[in-house]
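Use these hints to put chain W onto chain D, whose structure you have.
Protein chains in written order, with the numbering used here: chain D, 390 to 803; chain W, 7 to 256.
By construction, these hints were calculated from the structure, which means they are not laboratory data.
It is possible that some hints are incorrect.
Unchecked claim - DSS-like mimics (lysine-lysine), calculated; alpha carbons at most 27 Å apart, straight line:
#1 Lys625(D) / Lys448(D)
#2 Lys403(D) / Lys59(W)
#3 Lys101(W) / Lys403(D)
#4 Lys232(W) / Lys71(W)
#5 Lys665(D) / Lys94(W)
#6 Lys237(W) / Lys585(D)
#7 Lys237(W) / Lys665(D)
#8 Lys94(W) / Lys59(W)
#9 Lys181(W) / Lys94(W)
#10 Lys674(D) / Lys101(W)
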Amino acid sequence: MNPELIHSLQELLKQIQGYIYPNEIEIHWGLLIVVYPYITGVVAGAFILASLVKVFNVKEVQPLYRLSLLTALAYLLVAPMALVSHLGHPERFYEILLTPQTSSAMAMFGFVYAWYLMAVLLLEIWFVHRTDMIDMAERSAGATRLLYRILSLFSKDKGERAVAFDHSALKVITIVGIPSAFLLHGYVGFIFGSIKANPWWSSVLIPIVFLFSAIVSGIALVVLLYMIITPLTGGKINMKCVDKAVDFLFYAVIVDFSLEMVDFIHRVYQSEEEIKILSEMVMNKLFASLIIIQVLLGMLVPLLLISLTKIFKKRFSLNEDMRKMVYFISVILIQFGIFATRWNVVIGGQMFSKSFRGLTTYKMEFGGIEGLLYAIALLALPIAILFVLLKVLPPWKELREEGETGTEAIGAGM
Amino acid sequence: MNGRRSFLRGFLSVLLSGGTVGGILKILPSKADAREAPPKGKKWYGFGVSIDKCIGCARCMDACKNENNVPREPFFVRTWVERYITRKNGQTTVKAIAPGDEATSESVSDKTILRSFFVPKLCNQCASPACVQVCPVGATFQTEDGVVLVNEKTCIGCRYCIQACPYGARYLHPKTHTADKCTFCYHRISQGQLPACVEVCPTQTRIFGDLNAAASPMSRFLRMNKIHTLKPGLNTEPKVFYANLDGEVR
Chain D
390 MNPELIHSLQ ELLKQIQGYI YPNEIEIHWG LLIVVYPYIT GVVAGAFILA SLVKVFNVKE
450 VQPLYRLSLL TALAYLLVAP MALVSHLGHP ERFYEILLTP QTSSAMAMFG FVYAWYLMAV
510 LLLEIWFVHR TDMIDMAERS AGATRLLYRI LSLFSKDKGE RAVAFDHSAL KVITIVGIPS
570 AFLLHGYVGF IFGSIKANPW WSSVLIPIVF LFSAIVSGIA LVVLLYMIIT PLTGGKINMK
630 CVDKAVDFLF YAVIVDFSLE MVDFIHRVYQ SEEEIKILSE MVMNKLFASL IIIQVLLGML
690 VPLLLISLTK IFKKRFSLNE DMRKMVYFIS VILIQFGIFA TRWNVVIGGQ MFSKSFRGLT
750 TYKMEFGGIE GLLYAIALLA LPIAILFVLL KVLPPWKELR EEGETGTEAI GAGM
Chain W
7 MNGRRSFLRG FLSVLLSGGT VGGILKILPS KADAREAPPK GKKWYGFGVS IDKCIGCARC
67 MDACKNENNV PREPFFVRTW VERYITRKNG QTTVKAIAPG DEATSESVSD KTILRSFFVP
127 KLCNQCASPA CVQVCPVGAT FQTEDGVVLV NEKTCIGCRY CIQACPYGAR YLHPKTHTAD
187 KCTFCYHRIS QGQLPACVEV CPTQTRIFGD LNAAASPMSR FLRMNKIHTL KPGLNTEPKV
247 FYANLDGEVR
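If we strip away everything but chain W, and leave its shape as in the complex, we get:
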């Protein structure tokens, strides 16, 4: 008898702690086409990349490192450019190019190449960012205009966000020991300027702007191109949009 009563008591306490279940139900969307809609009347920043225009000059990388005090070493980057070479036998090789990289001038025999192109990469500033979800202290957050930032004063350096980012966009800054990543040059765009990489791009591969603006290079880019985003299956809803993205790119 006593055993049964204590069992019931234990069972009830477990049930009570199930208040969290209600919380989980709340975050489930009730419509299949539910999307993070851009808030009306406010700025909601996005980024466009015209893959066919990129010549792989890596000036964007250089400008980004200068503008944002990113360490010079090749393994700390906020933005980078990948070179894809698909050969006629179907094999694809990928390489990250670097400013002044000798390898960029290495040529592959034309006869074996099926197609070749460059893909600039940066933080996708996802509308539903996995990094923000997992940050234990809220140091990584999304601004009202849709940019994901890191507060280096409160980041504890646990690197959970680095693990959660599907795009490899984050790194641990070796000086501050906090997570770091592309901010769309938030200090520049909040002054009405363009991000540094967009500013220096000689071919206008990179386009930046407010997704809510009726007429802008950004909205024109979205109107005139077939658009794709990276790893859409993960439901992170990236706001970096690619024109003519090849299926090989991940």
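Okay, chain D solo, but in the shape it has when bound:
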């Protein structure tokens, strides 16, 4: 028995408002399950940004292509950690893969994840970097040489036909990749949206809202990383590229915001039996995280800031530093907003009783597996992995050179 758990639940007993079923005091999906959809969202969003280059031929964001692929990989590697460590029996995780129950949305995770990792992300990254890895193997010696030989799977062909094949393979992978990225995160939304017992989750819109918030968080994160990494490595931020990426971000935030508004208005207008307890929850328990952080700071303020750069285009385009600062603040606010979105879905969905008569409270731990420290570690881990990936498969050349060709392309295209 866990005396700490008993003690903390006893404390919570005093904070219950109204009536909840006795078993509902414990919030079962805590901070780790908030981190999980946040991370998979970044994966899907970063991949969508990468496909803007390959499928939709948005040349301006070419400098972000490799960075976003590597970001997606770094986050994807961490995603299952959050899930596995929250289990009551983490050592039985393999049961999901070996004896999955086909009717369970959660059981499909292994397959969706494996498909996305193996068939899409790793394959695309391999084809993108194949010739580079061969080059690097040729240029280096000893262990490094062996590393790149292994990474390139001992391929050596840099001939025209091989490179042409790389390109056509990439096209196919990206085209398969877009629905796969949609599948990955839409599926995470479905895990929540398909729970008919929970009116806060049970909505057909949830997978779509998850998708668009994923695109928002992914693009915002890659732009943020680009704006931090480039000056640190002695490069110059390509504003044409950032402008374009923020353009897409802007539209994605608008779609995301509209979808959430549709969901909100729909609920309020239909006003079913759970509306009273849900509005009590929003006004009391989720006011700061939903109204202030998610909607106001995470969406409306960034939308306003970015619109200002659009409205006063002439003035801001004269002043790049000003625009940079506005973008920088916006993408950081958006990250907090999307994290709050995940929080409000996951934690909010467990704070009201299914008797619709009362509310419980979530008390975040500090240490331990479900605690704040571990969650912060999980959020920092992808950055560490990305650091290693950037060392092994450096995108610097693209961040600089192709960025410049991108600038020319703009001049020609516009």
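Then chain W, alone, in the frame of chain D:
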């Protein structure tokens, strides 16, 4: 040209993966009145609750905790009893009572009370259980006689079933770290005995039996009362039947 061909290739692969669509069509009932019919010639267990008979003594809760090694703390329960007080101004307050609970003796001025009653709750052993549907490893399953059980040897403790249960009937056992809930005392009923809570109930509020049996306390209960189940709109088809259930109860 090349782009179009690769697009088609991608599109086809998406179509092929649409085999799942066929699977979804299969689970849709073709008749509006389709129900999980009790299998003929086999036992199909159900439970009856006569709300008007319950005096809120909480012996059922006590017996259940003893019989099934349920932790003593008030937030791990397989069965519980709710007390409803509806006042003349229309307000209803609900409270879960506990064995030896001081609050059960707290009295409310008769003048303000419109009606008051107890509602025993337990796992509804649904005929189409949401918990079984969502379990990723099949650790929660329905037996041939219609009881939903948890295999604590294979449960991974993901708690998806706890989220999926509309009735709050499940909890995570703090010792085994697996999902736990009422089993209708499966170890007892498979020996021909009654569930512990039914056995100790002094007023025969709780009735248990085979829904297929022609003559039994269970079939008599279903014949003699107006019956309702909890949250029927969710289509889980509960097999815990309530007589004289008040509309306030959820």
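Verification of the supplied hints:
1. This hinted pair checks out: Lys625(D) and Lys448(D) have alpha carbons roughly 18 Å apart, not beyond 27 Å.
2. Distance hint between Lys403(D) and Lys59(W) is unfulfilled; the C-alpha atoms sit about 31 Å from each other, more than 27 Å.
3. As the CA atoms of Lys101(W) and Lys403(D) are separated by approximately 14 Å, the hinted pair is consistent with the 27 Å bound.
4. Distance check on the hinted pair: Lys232(W) and Lys71(W) sit about 31 Å apart at the alpha-carbon level, beyond 27 Å; violated.
5. Restraint check for Lys665(D) and Lys94(W): the C-alpha separation of about 21 Å stays at or below 27 Å, so the hint holds.
6. Between Lys237(W) and Lys585(D) the alpha-carbon distance is near 11 Å, which keeps this suggested pair within the 27 Å criterion.
7. Taken as a hint, the Lys237(W) and Lys665(D) pair is honoured in the structure, with Cα atoms around 18 Å apart against an allowance of 27 Å.
8. A hinted pair counts as satisfied when its Cα atoms are at most 27 Å apart, and Lys94(W) with Lys59(W) qualifies at roughly 23 Å.
9. Annotation: proposed proximity of Lys181(W) to Lys94(W) is violated, straight-line Cα distance about 45 Å (limit 27 Å).
10. Of the pairs offered as hints, the one joining Lys674(D) and Lys101(W) holds, with about 22 Å between alpha carbons and a cut-off of 27 Å not exceeded.
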